[in-house]
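Trainee: The primary structure of each chain is shown beneath.
2 protein chains.
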Amino acid sequence: MNTIDQMKLFFEPKSLAILGVSRKTGPGAFNIVECLQLYGYQGKVYPVNPNAREILGIRSYPSVEAIQEPIDLAVISLDRSQVLPAVESCVNAGIKALVVISQGLADVGKEGKVLQDKIRDLARAKGARIVGPNTMGVVNNFHDFTTSSIPLVKTHSPVSTICQSGIFFTGFYSFTGPIGKAIDIGNTCDVDFADVLEYYASDTKTRIIVLHIEGIQEGRKFFQAARKVAPEKVVLALKTGRTEMGGQKAASHSGSIAGKDFLYDAAFRQSGIIRARDSEVLTDLVKGFSRLPLPEGDRIALLTYTGGGGVMAVDRMVDMKLPISPLSSQALEKFSPLVSSWLPLGNPIDMWTSVMKFGAKPMYKTYLETLLQDDKVDAVFCLILSPKLPGQEFFDVSDEIIEAAARFPDKPIVVWAYGPDLEKITQKLDDSGRVVILPSAERAVQLLFSLWERRRFLERMPKKGNPSEGRRG
Amino acid sequence: MNTIDQMKLFFEPKSLAILGVSRKTGPGAFNIVECLQLYGYQGKVYPVNPNAREILGIRSYPSVEAIQEPIDLAVISLDRSQVLPAVESCVNAGIKALVVISQGLADVGKEGKVLQDKIRDLARAKGARIVGPNTMGVVNNFHDFTTSSIPLVKTHSPVSTICQSGIFFTGFYSFTGPIGKAIDIGNTCDVDFADVLEYYASDTKTRIIVLHIEGIQEGRKFFQAARKVAPEKVVLALKTGRTEMGGQKAASHSGSIAGKDFLYDAAFRQSGIIRARDSEVLTDLVKGFSRLPLPEGDRIALLTYTGGGGVMAVDRMVDMKLPISPLSSQALEKFSPLVSSWLPLGNPIDMWTSVMKFGAKPMYKTYLETLLQDDKVDAVFCLILSPKLPGQEFFDVSDEIIEAAARFPDKPIVVWAYGPDLEKITQKLDDSGRVVILPSAERAVQLLFSLWERRRFLERMPKKGNPSEGRRG
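Chains A and B supply the protein sequences, listed in that same order.
Heads up: the first sequence begins at 1 in the numbering used here, then just goes up one per residue.
Heads up: the second sequence begins at 1 in the numbering used here, then just goes up one per residue.
Treat the hints with caution; some may be incorrect.
Each pair may be met inside one copy or between any two copies, as identical chains are not told apart.
Unchecked claim - Derived EDC-like pairs: lysine to aspartate or glutamate, alpha-carbon spacing no greater than 20 Å straight-line: (1) Lys321 to Glu459; (2) Lys221 to Glu198; (3) Lys44 to Glu453; (4) Lys154 to Asp421; (5) Lys376 to Glu54; (6) Lys388 to Glu34; (7) Lys388 to Glu423; (8) Lys260 to Asp319; (9) Lys44 to Glu333; (10) Lys334 to Glu296; (11) Lys233 to Glu459.
Just so you know, the hints here were simulated from the structure itself, not pulled from any lab data.
Could you build all of it, start to finish, from the sequences and the hints given here?
Mentor: This is the structure:
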């Protein structure tokens with residue numbers, strides 16, 4: 001079976017056996033069958049439990065052998081002492097895909113590693129593949145399918161993840177935002193990043209791939225797979241176990257060998273993977289690449305009505321080596337009559353005196369649309385107040401930004417908003433689907449930088465059929 | 001008049017003249033008088049406007065001279081061409097404190113700087129002091145007083161700020177959280193950081209001081225004032241204009257000379273000022289120093305039910321040179337029967353197998369209270385899921401954390417929460433007033449580090465009367 005068909009057994013199984021499902025839920029007794037029912041899974045489910053004849057209304061089987069039906073996938077959630085015989089019975093029954101949820105294998109040291117190698121060798125000898133051990137398994141929201149024993153929110157999204165911790169399942173809100181597909185490869189005894197990358201590369205539902213990496217065993221295989229997919233789909237990575245001590249903890253978490261961090265840095269860059277420095281930035285980048293066009297160049301116009309905020313933004317742009325480039329003379333001529341005569345015009349564009357004279361809303365429309373039309377501007381960075389109090393609604397320029405983004409869909413607009421009502425304005429701009437709003441200069445500039453980084457990577461690629469392919473995130 | 005009495009004229013004026021108030025509000029015509037009325041200001045207000053006899057129900061005067069009553073403070077919000085004669089008439093009328101809101105002085109270059117020097121010299125010759133120009137002025141929420149022309153939310157808080165941008169007035173929610181007093185010293189032609197620090201040092205309402213610094217003119221005076229107050233009150237700083245280009249923009253914003261950034265770093269550290277690297281961290285630190293006790297040492301116990309999250313937290317602790325120190329044997333003995341036998345026990349403490357067996361809530365109580373009692377632990381860093389879905393409430397340990405914090409008030413607890421309902425759990429822990437919850441490992445570790453930094457600074461100080469003074473943030 002080729003890798004993609006093999007991965008389909010994990011992501012799109014028509015039938016599954018679940019070994020180690022308890023008869024009821026409760027403190028400590030999570031139940032995969034119950035989660036599948038809540039998820040609306042349409043395939044066949046065969047619980048295996050020698051002590052039950054029925055679990056949550058479904059007929060239960062004493063053993064895998066007793067099922068006597070074709071099974072795409074087995075999910076093993078047993079104490080580690082029972083894992084080896086369970087794997088053996090599954091592969092003997094002809095099952096070609098196994099998710100081993102159980103902990104206590106390579107994640108706890110040598111003895112566990114020996115056991116883990118045994119189950120992998122057993123599976124491989126029969127042409128079966130293993131995800132895990134020490135994993136929450138697989139989520140495919142387009143197939144109403146999950147092996148998680150903790151209930152999850154089912155979202156549809158072009159974002160697919162490959163992770164080495166369940167934190168990306170239960171906590172996806174805080175790391176990636178809504179996901180479509182996800183796999184926790186855990187200790188990665190067999191199925192690895194490269195295998196899943198190959199599947200996601202071919203998957204029409206997946207447009208953005210997020211990797212949470214504690215360690216990579218087969219570097220060459222990984223980077224070959226990454227280089228193949230990166231020109232077509234955005235690949236973002238959060239590499240943890242960056243430090244020596246963090247690496248040791250990664251070894252005792254997923255049995256990973258973390259490796260030298262600077263090597264990852266270089267290899268990510270070469271293969272077109274964009275690295276997020278922390279979990280907040282990762283969420284920002286997913287949002288940005290989902291919504292924004294890539295800029296044609298690195299010339300960013302910074303539009304602000306606070307000089308103090310402008311200084312903070314410029315600091316960060318300089319940190320990231322993004323130029324504070326001059327505007328065209330046409331733009332400057334347009335702005336000149338709108339500001340006080342003594343105010344020097346330039347980039348950042350300080351609108352404050354225009355706002356005082358003519359109001360924020362009409363001025364925002366004029367300034368923003370002029371910048372979006374300016375051929376010396378590749379992206380616009382807006383710094384705005386999120387107003388709340390009566391008397392402050394004056395400052396609400398969210399409609400003007402949304403309208404400008406719709407009129408000029410080819411240039412990215414990133415907004416840094418501050419003030420009393422961030423949640424409301426964030427929701428509103430998020431709903432527009434065309435603008436990204438972030439709560440600090442640092443995070444807004446990081447996103448602008450990464451959009452530009454992606455653009456440069458694509459420009460280095462040899463041209464293929466349609467040159468605009470892959471332009472939008 | 002000494003500096004403190006002088007500053008009181010700015011912060012606690014009994015009467016004020018306002019020059020340049022317009023007759024009505026509207027786009028671009030903000031109105032300080034209206035803001036004062038909304039704020040409930042109880043002092044006398046004398047609007048000065050040669051074209052009006054009455055403004056918002058208050059008698060208006062054609063000139064400062066016409067008022068003929070004692071005036072503590074004058075607020076000048078006129079076009080820059082009118083500033084010089086206005087300052088002259090105010091100081092001639094015996095007013096000793098002036099807020100010059102007008103822009104277009106040193107912030108726009110040499111010509112403006114000449115004018116600015118003139119008004120400062122005029123004031124000084126008559127024993128008057130100037131705040132600004134190019135400022136939003138002063139806020140004192142304990143005096144129902146503001147010179148802001150944009151309506152603000154009035155909050156009571158022990159946090160007082162000194163800034164060089166109005167962004168800290170309108171946007172305080174995003175930079176400091178609730179404030180009690182604030183001053184925008186703008187171009188800082190006269191009243192500077194040191195003057196206000198002296199006032200805040202003596203002010204019983206102020207416990208935490210936040211500085212937004214674009215540039216400091218008189219370094220020695222500033223650091224002397226800072227060294228004097230820092231052992232008694234927490235002083236936090238956000239220094240902007242860090243980069244050369246950012247510094248140039250600061251020059252054209254507040255006329256500041258930004259100076260070499262590494263010199264600020266060293267001087268802040270020596271004088272006990274804690275520097276925030278960005279605006280989000282600044283908010284986090286204000287929250288932390290407002291709520292948490294300082295740790296006795298740097299030994300942090302990391303309590304987690306996700307190994308993957310633990311790795312991220314360790315990475316950041318190593319970055320910040322915080323040790324991952326061993327727990328006491330008593331604590332390990334207590335935890336040992338609660339986890340699977342194959343799980344190595346240590347720091348971070350991975351509770352997952354305990355959670356599976358016995359449930360998150362009772363286990364959290366046991367683990368957290370054991371750590372808070374452990375004399376090898378100075379602070380606890382909790383990593384938790386914020387649950388939302390039915391079936392996830394199992395994970396909600398917010399009550400257990402709040403109770404433990406109340407029982408053990410001498411050790412700080414910082415929580416990194418991830419997952420679907422951050423807002424709700426953040427609000428709940430915030431309301432408890434004893435725990436700080438943050439949305440990333442990076443920000444949580446930064447806060448723990450800064451609490452420890454403060455502790456070390458206080459330990460370096462010569463002992464005074466009561467050694468426990470200043471212990472809590």
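Trainee: If a hint holds in the structure, say so; if it does not, say that too.
Mentor: Going through the hints against the structure:
1. Lys321 to Glu459: within (19 Å within a copy, 40 Å between copies)
2. Lys221 to Glu198: within (11 Å within a copy, 64 Å between copies)
3. Lys44 to Glu453: neither (45 Å within a copy, 58 Å between copies)
4. Lys154 to Asp421: Intra 28 Å, inter 15 Å, cutoff 20 Å: inter-copy only.
5. Lys376 to Glu54: Neither, since 69 Å and 50 Å both go past 20 Å.
6. Lys388 to Glu34: Answer is between; shortest inter-copy Cα gap is 17 Å, intra-copy 44 Å.
7. Lys388 to Glu423: both (11 Å within a copy, 18 Å between copies)
8. Lys260 to Asp319: For Lys260 and Asp319, the Cα distance is within 20 Å only across copies (15 Å; inside one copy 24 Å).
9. Lys44 to Glu333: Answer is neither: 69 Å inside a copy and 45 Å across each miss the 20 Å cutoff.
10. Lys334 to Glu296: Cα proximity of Lys334 and Glu296: none, with 23 Å in one copy and 60 Å across.
11. Lys233 to Glu459: within (14 Å within a copy, 54 Å between copies)
The structure fails hints 3, 5, 9 and 10 (numbered hints given earlier, in ascending order).
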